[in-house]
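Trainee: My request is simple: use the sequences and hints to build the entire structure.
Taken in order, these protein sequences are the chains called A and B. The C-terminal residue of the first sequence carries number 454 in numbering that gives the first Met the number 0, and the numbering is unbroken. The C-terminal residue of the second sequence carries number 600 in numbering that gives the first Met the number 0, and the numbering is unbroken.
Worth double-checking, as some hints may not be accurate.
Computed footprint of chain A on chain B, listed as stretches where at least three residues anywhere in the stretch have a Cβ under 8 Å from a Cβ of chain A [said to hold, decoys possible]: (1) 421 to 427; (2) 443 to 453.
Selected chain B positions facing chain A (in silico; Cβ < 10 Å) [said to hold, decoys possible]: (3) V292; (4) E294; (5) A347; (6) I440; (7) V506; (8) V550.
These are computed hints drawn from the structure, not numbers from a lab. No residue lacks a Cβ here, since even glycine has one placed at the ideal position from N, Cα and C.
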Amino acid sequence: MQFREIFKPGVVWDFLGRRRVFFAVSATMVLLSVLSLTILGFNKGIDFKGGTKIVVGFKPDAPVEREALRDMLGEFLKTASGGSDVGQIEVQDFSVGSGASNDSKDFLLLTEITSLVTDEQKQAIIAKLGEAFPGAVIDVAKEGEDRFFVNLAAAANVNETYEKLTGVFGAAGFPKITVNSDVQRQIEVNNYRTLQMAATEDENLGDAEIKQREDAAKAAMAEDLKKRSDDRFTVTIEEFKAKLTDSMKQKYGDGFIAVRESTSVSPSVAGDMLNQGLVAILYALLGIVIYITLRFDVRYAPGAIVALLHDVFIVIGCFSIAQIKFTMPIIAAVLTIAGYSINDTIVVFDRIREVIEKYPKAPMKMVINNAVSQTLSRTVLTSVTTQMAVLSIFLLGGGLIRDFAFAMCVGLVVGTYSSIFIASPLFLTLHEVFEARRAEAAATGDAAAVARTQI
Amino acid sequence: MDSKRNWKVLGTSLLMVLAVLQILPSLVEMPSFYTSIFSNQLNLGLDLKGGLELKYTVDYKRAIADNTNKLRDALRERLVDAAAKKAGKDGATLTNAERDEIGKRFTITKTGVGSIDVAFAQADEVALLDKDMLDTIDQRFELRGGEGKASLFLPDKAITELKNEIVAQTLQVVRKRVDAFGLVEPDVRKSGDADIDVQLPGLSERQMAVVREKIGQAAQLTFRMVVPEAKVFDSQQSAVESFKAANAEKAKTLQWSQDGRGAFLRSEKKSELLAFIKTVSVPDNVMIGYELVEEKDPTSGEVRDTYWRTYDLQAVAPLTGDNLTRAAVGYGEKGEPVVNLEFDSRGARIFGDLTEKNVGNLMAIMLDGDVSSAPRINERIGGGRAQITLGGARSVAQQMEEARALVTVLNNGAYKAPVIKVHDVEVGPSLGRDAVRSGMISIVLGFILAALFMLWYYRQGGVIANIALLCNLILVTACLVAFNAALTLPGMAGIVLTVGMALDANVLIFERVREELRNGRSVRNALDLGYGKAFWTIFDAQITTAIAGFVLMQYATGPIYGFAVTMLIGIGCSMFTSIFVTRLIYNYLLDSGKIGAELSL
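Mentor: Encoded structure:
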C-alpha cells in the first residue's frame with residue numbers, strides 16, 4: 000500500500016541531544032516577551048483603553064457611506080492631532096431596521112483619541128479661571144478628557160455663571176464649550192424619571208405625546224434653571240466637536256446636520272475583568288495539572304504547563320514587540336492557542352506513555368525520541384492544515400480579524416515547537432531528577448524512600 | 000452486532016436531521032407552523048449585525064443623599080450613647096424611652112445632599128461630637144463647630160470621589176447583570192461623567208424585553224410589615240367618590256374597598272391609584288405599597304380577576320436585600336416556579352424577631368416600589384429563609400424565565416444609586432460590510448484549503464474526514480442556534496480552529512491505522528486497532544482542553560465566557576463526528592465490500 004508521507008516511518012530523530020540549546024532559546028524568547036511587556040506594554044485598543052464616542056447626524060438623502068465616513072474621520076484626526084497614529088476607529092449606523100427615523104441618518108463613531116487640547120492650554124485655562132473666580136477650586140479630569148470641574152467658593156446664579164465661564168474659555172481660544180451644573184443635572188434626571196414613570200404607568204401614551212411632554216419638560220427646565228444657583232460646575236471644551244463640525248460641513252455641505260454628541264467612554268473591558276480572567280487561567284492550569292497527574296503521572300504535568308505558559312507568553316510578547324493593537328478578539332486567540340498547546344502536548348505525552356508500557360526497560364531518552372518521531376508526522380500535519388486556514392484568514396481578512404489570525408499563526412508555530420522541543424525534554428529532565436532521587440534512596444537502603452519515589 | 004449498528008446509523012441520521020431543521024430558519028424564511036417549533040435563529044453579534052444601544056444615567060445624588068441620611072440616623076444613636084456615658088450610664092442598658100428622652104437634646108437636620116447640622120440643647124454637649132466619633136461612622140465627612148451647634152459636610156473632593164465610586168459600582172452591577180443573561184457578547188461602558196452605555200446584540204424580542212427590564216431595575220429587596228393601625232384609607236370612601244366624579248377618565252376603575260384588616264384601594268391600573276394617593280396625606284412613618292393581585296377560582300384555579308391594591312406599610316424597612324446571601328429558583332406547593340431567599344446570620348435574626356413579634360400580621364415582600372407578595376405570618380420563622388411567589392397569569396415557562404431573571408438580578412446585588420434610561424435605539428454593525436465580506440471569504444477559503452489538503456494527503460480517508468467535518472460544522476451551528484449564542488467574526492474564526500481540532504482527531508486516527516497497516520495487519524484489523532488506540536489519545540487531549548474551558552466558564556465573564564462555551568461545544572461535536580461518524584462510514588464501506596484488501600488512505 001502506498002501512502003503520501005512527509006516523514007519516512009521508522010526513522011528516529013534525536014530531539015533531545017540539544018535540549019539545553021532549545022531551553023536556552025525558549026528562555027530567551029520568553030524573557031524578551033516579558034521585558035517587552037514590562038517596558039513597552041500593550042498597544043491597547045478602545046476595548047481596554049476607552050476613547051471618545053461621537054454621534055453625527057446627516058439628512059436622510061445625504062450621500063454618506065460608513066466606509067467613507069471612517070476614512071474621513073481618520074484624515075480629520077490625522078490633521079487635527081498633528082499627524083500621529085490615529086488608531087482604531089469604529090463606525091456604526093444608528094437607527095437601523097424598525098427603529099429607523101425618517102428625519103435623519105445618524106452614525107456612531109468611536110475613536111481612541113480623547114483630547115485635542117494640549118496640557119499647556121489646560122494650565123493656561125486653569126490660571127485664568129482662578130483669576131475670574133477667586134477662591135474656587137478647579138480640577139481637570141484625568142485621562143486626557145477636556146473637562147474642567149469648577150467648584151465655586153459660594154453658590155452663584157447658574158445662568159450668570161454659565162455666561163462668565165463662556166467668556167473665560169472664549170478668551171482662551173475655545174469658544175465652544177458645554178457647561179453643566181449639579182442642579183441642572185438633577186433637574187434633568189428628575190425629568191427623565193417623571194417621563195419614564197408616565198410611560199410605564201400609562202400604556203396608552205403615544206410616541207408623539209411622549210415627545211411633546213419631553214419638549215415641555217425641557218422648556219420648563221430652562222426656565223427653572225434661570226432662577227437656580229449652584230456652586231459646582233462642569234465645563235467641557237467641545238474642541239473635538241467644533242473642529243469635526245467644521246470639517247464635516249466642508250465635506251458634506253448641506254447634507255450634514257450636526258455633531259449630536261461627543262463624550263468620552265470608558266474601556267468596555269474593566270481592569271477587574273482582566274484580573275478575573277487571570278484567576279480563571281490559574282484555576283484552569285491547576286485543573287490540567289490534576290488531570291494529567293491522575294491520567295499520567297507527576298512527571299508529565301510541569302512539561303505541559305511550562306509549554307503552555309511558554310506559548311502564551313511568546314504570543315502576547317509578539318503583540319507587545321510589534322505594538323499590534325490588543326483587542327478583545329486577541330484574548331480569544333490567546334485562549335485558543337492555550338487550548339491548542341495543551342492538545343498538542345498531550346498527544347506526544349500519550350505516545351511516550353505507550354512506548355514506556357511497550358518497552359519498560361528501554362532508556363528514557365530513546366523512548367522519548369521514538370515517541371516524538373512517531374507522532375511527528377501527525378504534529379506537523381495538523382499544524383499545516385490549521386496553519387493553511389489561519390494563513391488564508393491572515394492574508395485575506397482585514398482589520399481586527401487579521402490581528403486575530405496573526406496571533407493564531409504565531410501561536411501555532413510556537414505551539415508545535417514547544418510540544419516537541421520543550422514539553423518532552425522537560426519531561427526527561429524531571430524523570431532524571433526522580434531517577435537520581437530513587438538511586439540515592441536505594442544506595443542508602445531506605446526502603447520507604449524507594450517506595451515513595453516509585454512512580 | 001448488525002442491529003446495534005443500524006441503531007447507531009439511525010440515531011446519527013436523526014441527530015443530523017434535527018440539526019439541519021434547527022438551522023433552517025436562520026438560512027431561509029420558513030412558514031409559521033415551522034418556526035413555532037424551531038423558533039431560534041442564529042444571532043449575529045454586535046460586530047456583524049449590530050443591536051440595541053441603551054443609555055442609562057446614574058442618579059448618584061440620590062445615593063449620596065441616602066448616605067447622608069444613614070449618617071444622620073447613626074449620629075443620633077452615637078450622641079445618645081456618648082451623653083449617657085458622660086452621665087456615668089451605659090447606653091446599652093437604657094430603655095427606649097430613656098434614649099428618646101436624651102435624643103431630644105439633639106436636633107439633627109439634613110441641610111443639603113452632603114451636609115448635616117446638629118443643634119445642641121445643652122451647650123456643654125457640643126464637645127461630645129468630635130472628629131473621632133465622626134470617623135467611626137463616616138470618614139469622608141468634615142466637622143465644623145460653632146456656638147451650641149456643629150455642622151458636618153462632605154468636601155467637594157469627597158463628593159467627587161463618592162460619585163466616581165458609585166458610578167463605578169453601578170457600572171459593575173450593570174455589567175454583571177448583562178453578562179448573566181448568557182451567551183451574548185455585550186458591550187458595557189461608562190460614558191461621559193455618570194452615564195452608562197450598553198450595547199446588546201440582536202436577541203429575540205421577548206428576551207430583549209426581559210434584559211431591558213432587568214437592567215433598569217434597582218432590585219432593592221425590602222421586607223416591611225403592614226401597619227394595621229395606620230388606617231390611611233378608612234376615612235377616604237367619600238373622597239374616592241368625589242375624585243372619581245372629578246376625574247372620570249383618570250380614575251375609571253378606582254374603587255374603595257375593605258377587608259378584615261381595614262380599608263384599601265383597588266384599581267385595574269396602578270396609575271389610577273397613584274393619581275388619587277397624591278391627594279391623600281400619608282403619615283411620615285407609613286408608606287403605601289402596591290400589589291398586582293390575582294384572584295383565582297379556588298376549584299378550577301383559573302384567574303377570575305386581576306387588579307392593583309394598596310397596603311399601608313412601614314416606611315423604614317427593617318430588613319433589606321443587603322442581608323441576602325443567596326437567591327435561587329425553586330418550586331412552590333403546586334410545582335410553580337418561585338424564588339427562594341436565604342439570609343445571612345444577621346438577616347436571619349432580624350427575620351426571626353420580626354416574624355415573632357408580628358404573628359397574625361401581614362409581611363410585604365417588596366421589590367423596588369411594588370409588593371410582590373404579602374403573606375400572613377402564622378408563627379415565628381427561623382432559619383433565615385423566605386420565598387417570593389411570582390404573580391401574573393402567565394405560562395409556567397414565562398414564570399420560569401421571570402424567576403431566573405429575578406434570581407440573577409438579586410444575586411448580583413442592588414444598585415447603589417437608581418439608574419434612569421436616557422435612550423434606547425438600534426445600532427448597526429461595528430464592522431463594515433467590506434470587512435465582514437473579506438472576513439467571511441477568508442474563513443471559507445481557509446476551510447476549503449484545509450479540506451483539499453486532507454483530500455490530497457489521505458485520498459478516500461480525506462473524503463470521509465471531510466464528510467465528518469461538514470457534519471461537525473452543522474452540529475456546531477445547530478448548538479449555537481439552540482443555545483441562543485451570538486456569533487461574532489472572531490467567534491467564526493474560533494470555529495475554524497475547532498475544525499482544526501476535528502481534523503486533528505482524524506489525522507491521529509489515520510496515522511494510527513497506517514502504522515497498523517505497515518505492521519502487516521488486515522484492513523479491518525488495522526481500522527479496529529487504529530480507532531481503539533487513537534481514541535484515548537484524542538480523549539485525553541480534548542478533555543484537558545475541556546477542563547480549561549469549564550474553568551473559564553465558571554470564573555470568567557463577557558467575551559471570555561462566550562469563548563469558553565463555543566470551545567466546549569466545538570470539542571463535544573468534533574469528538575462525535577471525527578471518531579463516531581467516520582467509524583460508521585468505514586463500517587458501512589467494509590460491510591458492503593466497497594473496501595477490500597486495499598485502503599485508500
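Trainee: Which numbered hints does this structure break?
Mentor: 3, 4 and 5
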